[in-house]
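Trainee: Take a look at the letters that make up each chain.
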Amino acid sequence: MINKTLAPPTERVIEEERLTPARGTLWRRLRKSPSAMLGLGIVLVFMGVGLLADWIAPYDPLRPDFGRAREGPSWDSPLGRDELGRDILSRIIHGARISLWIGFIAVAIGVVLGVPLGAISGYYGRLDIFVQRVVDIMLAFPGLLLAIVLISILGVGLSNVMVAVGVASIPTYARLVRGSVLSLREMDYVAAAKALGMSDGRIIFRHILPNCLAPIIVQSTLQVATAILFAAGLGYLGLGAKPPMPEWGVMLSTGRDYLRDWPHIATFPGLAIMLSVLGFNLLGDGLRDVLDPRLRGKL
Amino acid sequence: MLSYIARRLLLTIPTLLGVTFLVFAVVRLQPGDPALEIAGQGATEEVLRAIRQELGLDRPFLTQYVDFMEKLLRFDLGKSLKTKEPVAPKVWGRFLNTLELALAAMAVAVTIGFIAGIISAVRPYSIWDNISMVGALFGVSMPVFWQGLMLMLIFSLWLQQAIGWGFPATGRGTLLNLVLPAITLGTSSAAIIARMVRSTMLEILRQEYILTAQAKGASPMSVIFKHALRNALIPVVTVVGLAFGGLLSGAVLTENVFAWPGIGRLIVEEGILTRDYPIVQGAILLVALGFVIVNLLVDVLYAYIDPRIRYD
Amino acid sequence: MHRYFLLGAVLVAAFLIPVTDTGGQQQVKIGGKLVVAQGTDAESVDPINFSASPTASIMEHIIQTLVRLDVEDRGGQLETTPKGVLAESWSVSPDGRVWTFNLRRGIKFHDGTDLDASVVKLSLERALHPDCAAPFRSAVLGRLAYSPASATTGTVADKNAIVWRANLLLGPEGNNVSVAIASGASLGVSVSGSAITVTAPAGTTAAAVIRAVNENAAANKLVWASNAPGSDGSGAVAPVTATRLSGFATSVEAPDANTVRITLASPFAPLLQHLAHTAATIVSAKRVREAIAAAPPCGKGLQDKVEGTGPFMLKEWRRGERMVLVKNPNYWERDAAGRQLPYLDEIEWRVIPDDAARMIELERGTVHIAVRVPPLDVPRLQRDPNIVLDFTTSVRTIYIGMNVRDRIPDTPTGAANPLADRRVRQALNYCVDKEAIVRTIMGGQARVSDAPIVPQVFGYAKVGPYPFDPARAAALLREAGVTLPLRLKMHHPRGRYVRDVQVAQAVQAMLGTCRIEVELIPMEFVSFLALINKAPSEAEHQLYLLGWGTITLDADYGLYSLFHSSQWPPGPFNRGYYKNDRVDALLQQGREEANPDRRKAIYAEAQRLIWEDAPWIFSHSESQITGIRRNVKGADVHVTERLILWQTWMD
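Chains as they are written, first to last, in the working numbering: chain A, 1 to 299; chain B, 1 to 312; chain C, 1 to 651.
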């Protein structure tokens with residue numbers, strides 16, 4: 001994370017005090033946590049599946065076979081067939097790409113725009129007033145409602161879902177980071193850095209934001225899940241990804257109509273969502289434990 | 001403290017102005033022609049033009065906004081395009097219903113979230129920690145519309161078939177009607193709160209003053225509740241405040257599943273799906289205002305819990 | 001959710017299990033409270049302010065029409081007969097233009113006032129008034145109004161007069177068009193035939209007249225002449241367009257207290273079918289008159305309360321939640337055994353938008369009747385001993401319309417349209433396996449279309465179906481010289497019709513096997529309607545999935561609006577811009593012909609021609625499935641997607 005040899009001596013003192021782990025130790029520590037490794041494993045598997053979808057999916061995910069509609073699991077189709085007779089396994093494999101994509105883009109939008117906004121707002125008392133007004137205005141619209149309204153303007157479609165869900169999460173990040181920064185900037189080491197004449201940008205990015213990472217990571221792991229769930233909720237309301245796209249949320253909400261009599265149609269996409277969410281959370285928890293210096297050595 | 005609150009209130013004014021403008025602009029950006037929606041499929045261009053004129057839709061954007069604000073100050077949110085009745089009382093009634101559901105869900109979320117979070121933090125990596133965190137994972141990863149249906153099946157239909165009594169499945173009325181939707185809606189917030197309580201408490205429990213307190217022989221209970229919890233509240237209050245927004249979001253879906261006559265359903269059913277923009281506008285505005293007030297309370301709470309903040 | 005527009009929805013009772021046995025000898029139990037669950041709430045209880053069938057279903061228990069359509073099964077063939085409700089009897093003049101209705105005597109509204117012809121006239125005229133913009137005004141009641149033309153062209157006759165050639169249909173009392181101009185201006189108005197002449201005093205110019213008319217139009221809402229290019233008063237003037245003439249006249253008269261007379265401009269055979277629509281219900285005049293006086297011409301505040309003559313009275317309405325109706329103790333109608341109707345004390349209509357939740361409430365028994373059972377829930381519910389399912393075939397036809405213009409959009413620069421070729425359109429029909437759609441997606445609860453309308457509609461003739469024949473489709477495409485793959489766009493609504501998204505996906509997949517690659521564009525219904533409601537020169541749509549319910553149960557309503565070339569958008573419903581001169585002539589003939597047998601022949605010929613031209617992919621007609629608890633007897637599902645519960649009782 002931080003290249004110690006290049007850091008000026010004064011700064012190194014401060015870093016020693018914060019006990020930030022060096023790059024090499026991150027992986028070592030992560031490896032010691034079985035749950036984090038499990039999470040990482042799940043995330044990697046899903047990413048691999050998503051990337052290789054075209055090669056590993058046994059069937060065309062969009063091709064219906066009306067004669068086999070709603071057929072249960074079999075050797076031929078391990079997860080069964082959906083309401084149009086499409087192979088559910090193939091759809092889940094292709095859906096991995098879509099769902100992870102939704103999660104990543106949405107979180108990226110939220111982090112890239114929300115975190116700096118929150119940091120600036122928390123750090124500069126003067127700017128806080130203005131930035132907080134902007135954040136307050138955005139925050140005044142609860143996430144899914146904001147997404148619904150955005151979708152109704154942008155139109156139904158996957159990329160619009162990503163944008164809507166991402167934009168909806170900006171204020172969450174901004175608010176969260178601001179809250180942490182507000183307390184952190186009162187910390188002695190920040191005061192010390194200021195006294196040493198360090199620039200604000202440096203203080204924010206080197207000394208304050210790394211200490212906000214724990215909540216940002218916790219939030220992001222949940223946010224990937226939230227993004228996938230928002231997409232699903234939008235699908236339930238008829239505002240999500242376009243059919244016949246094998247988006248997990250839409251598959252789940254469609255399958256829900258058949259839940260009572262053909263539970264496999266909804267169950268497998270549901271499990272896929274849960275498993276991916278689980279993976280992100282485990283990984284995020286593990287990273288948090290490793291990254292947070294105050295928990296170091298306690299593992 | 002009072003001056004802080006006064007300042008905070010003052011700051012709410014530009015926010016509110018921004019919110020009204022955003023709502024107004026966003027609603028006008030929607031595709032579709034409200035005049036066509038009023039007049040129905042068979043309307044002639046002449047009728048459409050007359051309707052646009054009557055509603056002022058043919059006037060400049062800013063003129064419409066000024067007009068809108070003028071009316072808003074008199075609590076006039078306009079009339080529904082479809083039913084032509086005033087929007088304000090309708091939206092208000094539905095908002096109260098949603099608030100009822102959201103508060104019940106919040107109670108569920110805070111209770112479960114704090115209990116699970118504290119247990120986890122006090123005994124990290126224990127079986128209890130694992131159970132509550134895995135529970136939290138399930139809580140956040142279950143889509144509301146799916147979970148609601150499962151709860152309804154189990155506690156309403158199957159319970160009824162098994163013992164002759166089950167929770168009411170849909171509608172609003174008695175307190176019992178509130179149980180299933182409040183749990184459905186509160187679960188994901190509970191999970192988020194639990195995780196946040198856990199991670200914050202874990203950090204704090206490792207702080208020196210806690211170690212000192214422990215070394216001095218303070219009882220575990222007193223350490224947790226007197227020393228740790230209060231400091232853990234700052235980020236948690238943020239999350240609870242934000243969770244309220246999550247609750248209002250989830251309310252759209254929950255209300256639909258449980259046929260709860262709230263504002264979320266109003267927005268989707270009578271607003272967006274039928275392009276009745278005064279309803280969308282009024283409802284979103286009210287939700288936004290409610291949320292602004294919640295955020296204000298959160299900020300005040302901050303200042304109360306962490307006195308450093310109010311001296312800025 | 002929001003799926004129930006009556007415009008699209010009508011169903012005919014075809015019971016598998018006879019649950020509607022309310023014969024006079026049968027024992028009935030009086031009293032009790034029935035709970036009904038629908039997916040959407042009523043929009044309002046004002047008949048000028050509703051568009052969806054769940055609203056109509058409730059309203060018809062409170063307010064009533066002059067006639068209603070009874071559906072009877074005559075040896076497998078369903079026939080509809082108009083039966084008098086508020087009208088005891090009626091007669092038609094030999095030329096088919098003058099209809100006279102004799103009202104039932106001694107009927108009181110819920111507020112204690114008496115029913116008389118003036119009340120009927122008031123209700124109908126309110127529904128007809130253009131300013132009230134009732135959703136069904138033109139489609140259902142249009143024939144009753146002498147409506148001003150949509151845009152009329154005026155010419156300046158001399159320096160101070162303008163003549164509008166308005167194709168006003170003259171009413172029996174002459175035309176009551178007037179132009180009221182604010183005080184000070186003294187414009188004369190005279191109406192002669194179809195011409196309206198506005199005269200200004202000597203000395204003023206035509207331009208001044210136009211200006212005066214325009215300025216005062218806003219205030220008086222009478223005449224609004226919009227553009228007058230070059231009207232400088234010199235006399236040589238470009239045509240003046242009056243965009244809004246609201247000289248409003250209806251054909252409804254009340255010659256005495258118990259007689260209502262309707263005089264039509266031309267014969268219109270299915271008039272009774274139109275008067276049976278909920279849009280033509282009669283409401284107590286007491287509050288309506290006050291409301292109109294306060295806010296002419298439509299009145300305000302009539303959304304939440306209504307007083308009618310029906311078997312139930314509105315007691316409580318909590319929006320989005322429930323509406324409670326209580327028995328009208330003074331209801332005029334009796335059953336076959338002479339018992340006072342209705343049997344029930346109370347009906348509670350609950351709103352449960354989620355399909356699964358609605359079924360759970362039905363299975364729990366907390367709801368007695370649940371509408372719109374999802375087709376694939378049928379096998380499970382049929383196993384439930386406490387539930388009886390009511391199957392009702394539908395007159396709602398689902399089709400994929402095709403834009404048949406030569407170019408899209410239809411301008412010289414528009415793209416060439418392969419669908420302009422009839423062979424291509426037929427190929428699409430051969431390529432879609434309608435049987436598979438009905439079997440898998442609709443769970444068998446639908447019917448493959450074999451005509452543009454369904455058998456329950458008067459005038460239906462079986463002319464299809466197009467068999468599933470990909471080889472034939474390929475041959476036709478080859479013959480038409482189409483380059484494959486052919487790429488087309490298909491717009492479709494989601495959640496509007498039963499399993500509409502799945503139907504669209506299935507059609508897409510099936511056409512794919514014929515190397516016709518379809519891009520699906522799902523849309524929210526209202527935007528979708530706006531998209532396809534365009535003049536051909538602006539239209540972008542190629543394929544569009546839509547439904548149409550012939551709610552009057554007469555072929556005129558099911559064919560004229562959809563296939564007559566005068567019915568191109570914007571406004572009307574011929575959204576593929578289909579035009580066939582022979583079909584046009586037949587459809588015009590059909591609405592003026594009084595003899596039922598001749599009408600049937602006319603419509604059979606029209607349907608045959610339409611079928612060959614294939615302006616649609618003819619898909620299927622929906623079914624309505626209603627779940628009813630076994631202890632509920634005598635619940636009837638009417639053809640127009642309405643529940644009829646005044647002869648219902650509970651064991």
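No wet-lab data here; the hints were simulated from the structure. Since we're looking at a predicted model, the values are computed, not measured. Treat the hints with care, since some could be wrong.
Stated by the list, open to error - Here are the simulated DSS-like cross-link-like pairs (lysine-lysine), alpha carbons at most 27 Å apart as the crow flies:
1) C:121 with B:84
2) B:71 with B:84
3) B:79 with C:33
4) C:315 with C:305
5) C:300 with B:71
Trainee: Would you mind marking each hint as holding or not holding in the structure?
Mentor: Structure-based check of each hint:
1. Simply put, residue 121 (chain C) and residue 84 (chain B) have alpha-carbon atoms about 23 Å apart, close enough for the 27 Å limit, and the pair holds.
2. For the hint pairing residue 71 (chain B) with residue 84 (chain B), the CA-to-CA distance comes to about 16 Å; that is within 27 Å, so the pair holds.
3. A C-alpha spacing of about 35 Å is found between residue 79 (chain B) and residue 33 (chain C), which places the hinted pair above 27 Å, so the restraint is violated.
4. A C-alpha spacing of about 9 Å is found between residue 315 (chain C) and residue 305 (chain C), which places the hinted pair at or below 27 Å, so the restraint holds.
5. A distance of roughly 19 Å separates the Cα atoms of residue 300 (chain C) and residue 71 (chain B); the hinted pair therefore holds under the 27 Å criterion.
Of the numbered hints given earlier, the model fails hint 3 alone.
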